[in-house]
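There are 2 protein chains.
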Amino acid sequence: MTARRGRRERQAAGRDAAAAAPQPQPRLPFAPVPAVSADELEAIHLASLGILEEIGMDVLDAEARDILRAAGARVDPASPRVRLDRGVVEAAIGKAPRSFRLHARNPGRTVEIGGDAVAFGSVASAPNVADRARGRRPGNRADFDDLLRLVQALPVVHVVAGYPVEPADLHASIRHLDALYDMLTLTDKPIHAYSLGRQRILDGIEMARIARGIDREALGREPSLFTIINTSSPLRLDEPMCIGVVEMARANQVVCVTPFTLAGAMAPVTVAGAATQQNAEALLGLVLAQAARPGSPFVYGGFTSNVDMKSGAPAFGTPEYMKAALLGGQLARRYGLPYRSSNACAANTLDAQAAYESVFSLWGAIMGGANLLMHGAGWMEGGLQASFEKMILDADLLGMVAEFLRPLGTAPEDLAIDAIREVGPGGHFFGCAHTQARYRTAFFAPMVSDWRNHEAWREAGAPDAHDATARIWREKLDAYAEPPMDPAIREELAAFVARRKAEGGVKTDF
Amino acid sequence: MTARRGRRERQAAGRDAAAAAPQPQPRLPFAPVPAVSADELEAIHLASLGILEEIGMDVLDAEARDILRAAGARVDPASPRVRLDRGVVEAAIGKAPRSFRLHARNPGRTVEIGGDAVAFGSVASAPNVADRARGRRPGNRADFDDLLRLVQALPVVHVVAGYPVEPADLHASIRHLDALYDMLTLTDKPIHAYSLGRQRILDGIEMARIARGIDREALGREPSLFTIINTSSPLRLDEPMCIGVVEMARANQVVCVTPFTLAGAMAPVTVAGAATQQNAEALLGLVLAQAARPGSPFVYGGFTSNVDMKSGAPAFGTPEYMKAALLGGQLARRYGLPYRSSNACAANTLDAQAAYESVFSLWGAIMGGANLLMHGAGWMEGGLQASFEKMILDADLLGMVAEFLRPLGTAPEDLAIDAIREVGPGGHFFGCAHTQARYRTAFFAPMVSDWRNHEAWREAGAPDAHDATARIWREKLDAYAEPPMDPAIREELAAFVARRKAEGGVKTDF
Chain F
10 MTARRGRRER QAAGRDAAAA APQPQPRLPF APVPAVSADE LEAIHLASLG
60 ILEEIGMDVL DAEARDILRA AGARVDPASP RVRLDRGVVE AAIGKAPRSF
110 RLHARNPGRT VEIGGDAVAF GSVASAPNVA DRARGRRPGN RADFDDLLRL
160 VQALPVVHVV AGYPVEPADL HASIRHLDAL YDMLTLTDKP IHAYSLGRQR
210 ILDGIEMARI ARGIDREALG REPSLFTIIN TSSPLRLDEP MCIGVVEMAR
260 ANQVVCVTPF TLAGAMAPVT VAGAATQQNA EALLGLVLAQ AARPGSPFVY
310 GGFTSNVDMK SGAPAFGTPE YMKAALLGGQ LARRYGLPYR SSNACAANTL
360 DAQAAYESVF SLWGAIMGGA NLLMHGAGWM EGGLQASFEK MILDADLLGM
410 VAEFLRPLGT APEDLAIDAI REVGPGGHFF GCAHTQARYR TAFFAPMVSD
460 WRNHEAWREA GAPDAHDATA RIWREKLDAY AEPPMDPAIR EELAAFVARR
510 KAEGGVKTDF
Chain Z
10 MTARRGRRER QAAGRDAAAA APQPQPRLPF APVPAVSADE LEAIHLASLG
60 ILEEIGMDVL DAEARDILRA AGARVDPASP RVRLDRGVVE AAIGKAPRSF
110 RLHARNPGRT VEIGGDAVAF GSVASAPNVA DRARGRRPGN RADFDDLLRL
160 VQALPVVHVV AGYPVEPADL HASIRHLDAL YDMLTLTDKP IHAYSLGRQR
210 ILDGIEMARI ARGIDREALG REPSLFTIIN TSSPLRLDEP MCIGVVEMAR
260 ANQVVCVTPF TLAGAMAPVT VAGAATQQNA EALLGLVLAQ AARPGSPFVY
310 GGFTSNVDMK SGAPAFGTPE YMKAALLGGQ LARRYGLPYR SSNACAANTL
360 DAQAAYESVF SLWGAIMGGA NLLMHGAGWM EGGLQASFEK MILDADLLGM
410 VAEFLRPLGT APEDLAIDAI REVGPGGHFF GCAHTQARYR TAFFAPMVSD
460 WRNHEAWREA GAPDAHDATA RIWREKLDAY AEPPMDPAIR EELAAFVARR
510 KAEGGVKTDF
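Just so you know, the protein sequences line up as chains F and Z, in that order.
Per my numbering, the very first residue in the first sequence carries number 10; after that it's consecutive.
Per my numbering, the very first residue in the second sequence carries number 10; after that it's consecutive.
Watch out, some of these pointers could steer you wrong.
Stated by the list, open to error - Cut-off 25 angstroms, straight-line C-alpha distance, at most; resulting in silico cross-link-like pairs (DMTMM-like, lysine to aspartate or glutamate):
#, chain 1, residue 1, chain 2, residue 2
1, F, K319, Z, E412
2, F, K510, F, D140
3, Z, K319, F, E468
4, Z, K319, F, E422
5, Z, K104, Z, E72
6, Z, K510, Z, D85
7, F, K516, F, E99
8, Z, K319, F, D476
9, Z, K319, F, D191
10, F, K319, Z, E464
Worth flagging that the hints you see were computed from the coordinates, not collected in a lab.
All chains, please: the whole structure from these sequences, using the hints.
Right, dumping it as structure tokens:
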């Protein structure tokens, strides 16, 4: 790797950044598709309020309970149980913005989250990494860095949505420091930090601030970091997640609460039941974030899927997943919140299953009106594997979705009556002026799709999409150019990491 | 094959027909998604009318020109050119039914075409057939029959949409007779006949009538056969296709006009331009069919895709294809007509590309409101290959789409508040009564998806989806049971085929 990295650094100076040029975010050109009627949606909303009012949730952090109590919650004195009367929930709805900007250290990479904007995020949080040549292995920093480089080299991936793979060879006490440093230097896209205790998330906020070269006040105006808060379904919010909501909201950074409601396991076996529970859990997160800081940016996360009832294994990209994705979007819009969904699959290898589960996931997410797509590129095995090949496949899928969302031109020259007249019955359009003026850019050009005829394809060795992706990720990685960074900022960031390491990082249980 | 067929026949009597039980047609639970605004749609409509009025189309059959002239068309005396003033087109709109039933010889297999109903058709018209073990080979009757058996064995495939593969070892003069006989006896689903000259389509109509055991009058009330009419884009309708429209419409059988408008080749390089041309060609077909018999069942076919501008090769399941699929549906609804789309892909093998192109095609078709999905199961290589493995993959995809379209239950027991209360914070739902009562049927159970964890999957030999489909189609074929047929009807059908063969079938140019 050292030799290659040396070559890359030499190349970086002379290379133009064409491959990494910012790509405009897609916009949804149509109204999202509803999963249920307005009456049914209201029934789910009311059922969720009933859950929070009657059953409540266990909130495992004392400060979070205090904040909720101050917001009107009924807190059990002898247990972590918190109950929210519906008025408390309703008071929180409408406070968070419908849309906001998530700032990157490169202003050209800043994304809009909400409204009709769509942002694609990379794979996040996989414990294992794989490519075809080297096989599957536990996460480590070298692969972590290479995946970050690939994310940077793929313009259709807008957001570094977490650790693409866990850099498990870094000690847990300082892992977040090195990982965030690499994310902020190897890419210039907006980033995520994990809510794994107070010190880690505060370090993340501070590093995002340093990388942007702004002060705390400006950071409070300009969200520059996001965190995913997973509830411990059913109906529990654990201590680090509580702290994450509170600290991020206080700093006016982005909180995305995503209940992990697998129907049949951590949630009811019905999609509507799982979504009702998801909604209750997300709403408690909203109340907590808005109590910590009214108006702080909040994303409604949906991740409801089903399990294989034969084995209990989680399944993704299923019809149930798609319906839940539509329903999650409908609920998010009910509350005027940006919506997060995912590009998920359960496949073990880059086969037809990996593709159909991913495209079904995208279908549900996009038609459901997702504003932030997590795990957009590289996610395999229900999240247990980050794959170099899958990252390429997914980048192509995302590119196709983005092109699908780009409105059709319908100006007179698009309707092409002059060309149709020129060619006339029985002719062809290959050579006409209308075609010649447009053919180079007329259509989306995928990286992976092999459109050769059968004979030419067989003569070329009958490569499949797995072969293509295995070739392309290496090409993309070789062409990676590290994005420029102000040396003073880099130095400040490195100094912060060094100081925090010298302080011992964070306490761990390891 | 003889041995296997013998075993199958022995099994058939004792086997219950569970695998082949009719599956209800999916219904679209949401409004189709528009590709363009109402104003843009009207601009495309008007541009199409302008093409027919000013440029016209070449209609290569004299009788069809006479029929069009009688309907008000301006017919060039010295050429096949026909021009339609917009009033002529507008007079034809609204005559054809919005929805109708396409009858099968088994009444339980009759499908609705139109409205919110969706019917899935099998692969049609491939010149080659392939499976993984035996490779790719020219179409032949043995494979033709096995693919028909597979179509019969897959309940999610509603319609035998043509020859799954061309049975090229049957002489062209009598091919349609044997092929239709096999379609009508090996399956009991609604069928398609090709418009390849007057005698062939008349034979098809007669055989559909015999198989249903009804007289000509009843056949005229109950459409029992459909034909796909492909225009020779740009702007030409050849003689056999003209005859097909006229004879099928006269018999009140189903005409689906599908222009083959590949943007950049036989149509303008812009999606809107190709769709405008598609629309003009389809509308001329509508005028001809409604002039031949007002009120005859008609389906608006959309097949607009793009070519690879580097090679000229057709591409399918692209973003441009998806947009065209939405737009085609919008145009069909503009005219109150059922809409036909396809499950298309250009892949050479059953890899990720085959899956993503197919699911993107389905996404465009379903969200575009398709009522009849052609090539739903088994289509590869842009239509040059029918694949046994792909038929299984597609049947799973169609099953998932059908489940996606099934409305969510939102009754109180679906919202599952009692189960959420019973389980409470921190519990799990595996064992609760709500789950136990539902888990067997709660979720769609795919045939192909492998949800084992990585270790179990690797120990099993790391099979991919191609392996799974190669196993499943053989199992399905082994389990095939020939659907019962009244012996008198079978005898009449066989006698018709024998008589027509004795007459020499149809004249051919071979």
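Structure-based check of each hint:
1. F/K319 <-> Z/E412: holds (19 angstroms)
2. F/K510 <-> F/D140: violated (32 angstroms)
3. Z/K319 <-> F/E468: The hint holds at about 19 angstroms.
4. Z/K319 <-> F/E422: holds (23 angstroms)
5. Z/K104 <-> Z/E72: Holds, at roughly 21 angstroms.
6. Z/K510 <-> Z/D85: Violated. Z/K510 to Z/D85 sits at ~40 angstroms, over the 25 angstroms cutoff.
7. F/K516 <-> F/E99: violated (38 angstroms)
8. Z/K319 <-> F/D476: With Cα atoms ~21 angstroms apart, Z/K319 and F/D476 stay inside 25 angstroms; holds.
9. Z/K319 <-> F/D191: Roughly 39 angstroms separates the two Cα atoms, so the pair is violated.
10. F/K319 <-> Z/E464: Given that 25 angstroms is the threshold and the Cα spacing comes to 17 angstroms, the pair holds.
Comparing the model with each numbered hint stated earlier shows that hints 2, 6, 7 and 9 do not hold.
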